[in-house]
Amino acid sequence: MKGIVFNLLEEVVTDAHGEQVWDALLDATGLSGSYTSLGSYPDEHLEQLLQAAASALDTPPGEILRWFGKAAMPLLAKRYPSFFSAHRSARPFVLSVNSIIHPEVRKLYPGADVPFFDFSDEPDGTLLMGYRSPRKLCLLSLGFIEGAAAYYHESTTFEHLECMHRGDSCCQIKITFTPGGAR
Amino acid sequence: MLQACDDDLSGQLARVQRRLERERMARREAEAIAEKGLRELYERQQELLLLEAIAGAANLISSVEEALQFAIAQICGFTGWPLGQAYLTDGDGASQRLLPVAAEPGALPGPLAEFRLATGQMSFAPGIGLPGRVLASGAPVWISDVTEDANFPRAAQAREAGLRGAFAFPVVAGSEVVAVLEFFADRTAELDASLQRVMAQVGTQLGRVIERKRAEERLIYEAFHDCLTGLPNRAMFLERLGRSIARQQADPNYHFAVLFIDLDRFKIINDSLGHLAGDQLIVQVAERFLAALYEAEQGRHAAAEAGTLARLGGDEFTVLLDDIDAPADAEHLAQRIQETLRQPFCLEGQEIYTTASIGITVSSTGYASATEVLRDVDLAMYRAKAQGKARYEVYNEAMHQSAMARLKLETDLRRALLNQEFVVHYQPIVSLKTGDIAGFEALVRWQKSATELVYPSDFIEVTEDTGLILFLGIWVLREACRTLGRWHAEFPRSTPLTMSINLSARQFGQPDLVQQVRQIIDETGVDPTTITLEITESVTMGDAEHAIRVLSQLREIGVRFSIDDFGTGYSSLSYLHRLPLDILKIDRSFIAAIDQDGENLSIVRTIMRLAKDLGIDVVAEGTETTAQLAHLRELDCEFGQGYYFSQPVDAGSIRQLLQAPEPSPA
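So the sequences go chain by chain: A and B.
For the first sequence, the positions run 343 to 525 when the numbering used here is used.
For the second sequence, the positions run 494 to 1159 when the numbering used here is used.
There could be a bad hint or two in this list.
Said to hold, decoys possible - In silico BS3-like cross-links for lysine-lysine, where the CA-CA straight-line distance does not exceed 30 Å:
(1) A:K449 x B:K529
(2) A:K412 x B:K529
(3) A:K420 x B:K529
Said to hold, decoys possible - With beta-carbon atoms standing in for the labels, derived distance ranges:
(4) B:A523 x A:D357: 20 to 26 Å
(5) B:V509 x A:L417: 23 to 29 Å
(6) B:E669 x A:K420: 45 to 51 Å
(7) B:V509 x A:S497: 41 to 47 Å
(8) A:A366 x B:E514: 18 to 24 Å
(9) B:E514 x A:R421: 15 to 21 Å
To be verified - Computed list of chain A residues with no C-beta within reach of chain B, every gap over 12 Å:
(10) H359
(11) A366
(12) T371
(13) G372
(14) H429
(15) F435
(16) D455
(17) D466
(18) G472
(19) F486
(20) L503
(21) E504
By construction, these hints were calculated from the structure, which means they are not laboratory data.
Everything numeric in this text was worked out from a predicted model, so none of it was measured.
For every residue, glycine included, the Cβ atom is placed at its ideal position computed from N, Cα and C.
Please model the entire structure based on the sequences and the hints provided.
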């Protein structure tokens, strides 16, 4: 896992709950907490931090993950404005993840292990997204999508048709974008 | 105390927090710097890979279009932009346009394919649309959103295809925009200086490819075209002729014709007006021939597939008429070509006329190679020249036979000269007053075998054409002088015997003629005043001043001159008196008819009077009958030569004649 993810997590936790909570999470997990965006760190660190947060906030880890994704989006928009300004709505932004955003990520972090998303347009106008990764971070991507929708003043609903957490081989998520949602 | 301790602690905490914040900021900044460096490194590597790929391909790819297509694909891969299009510049000035290079049929999603289809049908004038703007300015152009751009004719199709941002840059060769490449993104695009820099390098590389390709094409063009007229040259003509021959061999119903055109007076024009004027004439002639060919082909069949007019070099042109219906097609064209020369050419302010001799051959003769065709059509052209120029001749088998015979004769003559097969015969020239032999005319014969004697009429023309006459002429002169010297010693006379020896035009043109004659006179010790060199009127025709000069120099040696065949040529009386002539020989044709009609008699009488006035002796050639002799005596003609007295015989027979008692003419 790239250090940037831990940096973002620290930032959103600190913003929402204060530095003490982040310190508490580190204390609970026994992790040193020194992450640089350029480094790579074991995936278990994220898992441990999520578990700790789940117990501290009495919320399921998946919910934490989804919240993290959504809250991280404005920070990403601040750091990498050009990815966002090239689009006028959430849908093409989301669609650009494979072709634009991930190649850009690889430019910064050679060897970054980014997931690949399958996108297909459904007859009813919704977007069907396929996700497959041993990290099983489908809820993080949902959070990111929600955050993106919020950035473009839209709202989204999801139908998690298949999920690796439920024993499926991959996740299939049906996404509906609705203009004019709350930010 | 506690308060002070608290204050101290909170102060320390604040300082630590500030310190922490500083560290965090420093870390972020360090990360940002490193990220920027990594990102730039990555981009440079990708740029290098792109440039390397394009440069590598440029050396392997065979066409400009292919090189451009390759670059488009590479750049699309590099930028992640879904679509690119190349244009090549066509024409120049106001009519300059950018024409799209046909895209390779690749799998594109529907709307993009539609857009590419629409692009394929466009052409852009300078300043119009994205590529037109690049063509006009020679600089890259960015459009952030083509669907909102006022100068983007394909906006509707772009909107349909979901294309937004666009970028185009020029391919420059020298200072000229030779091609334009445009790319489209599915999102808005802003000027990207780094991308623009890389594309400028791509543009330079592609420019070199195009420049190299054009240089190559120019070389190939020059190798197959005549640089003066721009017509196909010999190489291209032979190539096309070769194709026609192959086609004829495969398809007996297909026929072609070849014309060989040679201007008749080109050398004179070149020599008198200079090579520049000669070149101008060739260019103008080529234009007229081309027009004639075009017209003839239009008339021949509706969808005229024009024949090939080529310039082989100098004043030689050839035409290949493809797929003719009948040999008459070729003759028709030959007539048209000759008609085009009726009007004068204007060269150096002068009106110049020229004519052409044309040889024609048709494929029905049956040809296996272009060389054979050129050989035959050249023969036909020479026949046209020989037949009086300004005409055409169609090749036939007899021409080949006669050419072969002539070639054999030439070889035989060279060998004859080497083997000393030539002999000199002598024909007496007789005083009509006394009947005495006054002298002889030396006449060459070719003793081809013990029984076969060949007369000059059968070979002298070939020796003239080949230059063999120079050797033969000098040999005859030496032989005749030596013989006369012997006879002078053997048969001394109060008026020594004379010897007339023919001098050909070719010999007359030799710069060392005077020297050669002097040397032979010295060598043989013969009295030069007894030697008469016979020249024809034509010898003096070309350059009268030169002729007078040479004759005067020879006269200083002591030799005398006679004019041969007088009356048959142009007989330029105007300068006859300026030539140092001693004898005038009336042509045999007048003598032969002297007793048949009064007209010939009066011509002979006039010539006699003219000669007398100029103080020149007259010899009547071809005196054969008593009646002729009587006429000549009546006219007071001094000398006669002909069968009446003796036919030409060998030196031995002449000795017998000279030893014999005085002949008594009847």
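Hint by hint, here is what the structure shows:
no.	hint	in the structure
1	A:K449 x B:K529	holds, 10 Å
2	A:K412 x B:K529	holds, 26 Å
3	A:K420 x B:K529	holds, 16 Å
4	B:A523 x A:D357: 20 to 26 Å	holds, 22 Å
5	B:V509 x A:L417: 23 to 29 Å	holds, 25 Å
6	B:E669 x A:K420: 45 to 51 Å	holds, 47 Å
7	B:V509 x A:S497: 41 to 47 Å	holds, 42 Å
8	A:A366 x B:E514: 18 to 24 Å	holds, 20 Å
9	B:E514 x A:R421: 15 to 21 Å	holds, 18 Å
10	H359	holds, 17 Å
11	A366	holds, 17 Å
12	T371	holds, 20 Å
13	G372	holds, 21 Å
14	H429	violated, 6 Å
15	F435	violated, 9 Å
16	D455	holds, 16 Å
17	D466	holds, 20 Å
18	G472	holds, 19 Å
19	F486	holds, 19 Å
20	L503	holds, 25 Å
21	E504	holds, 27 Å
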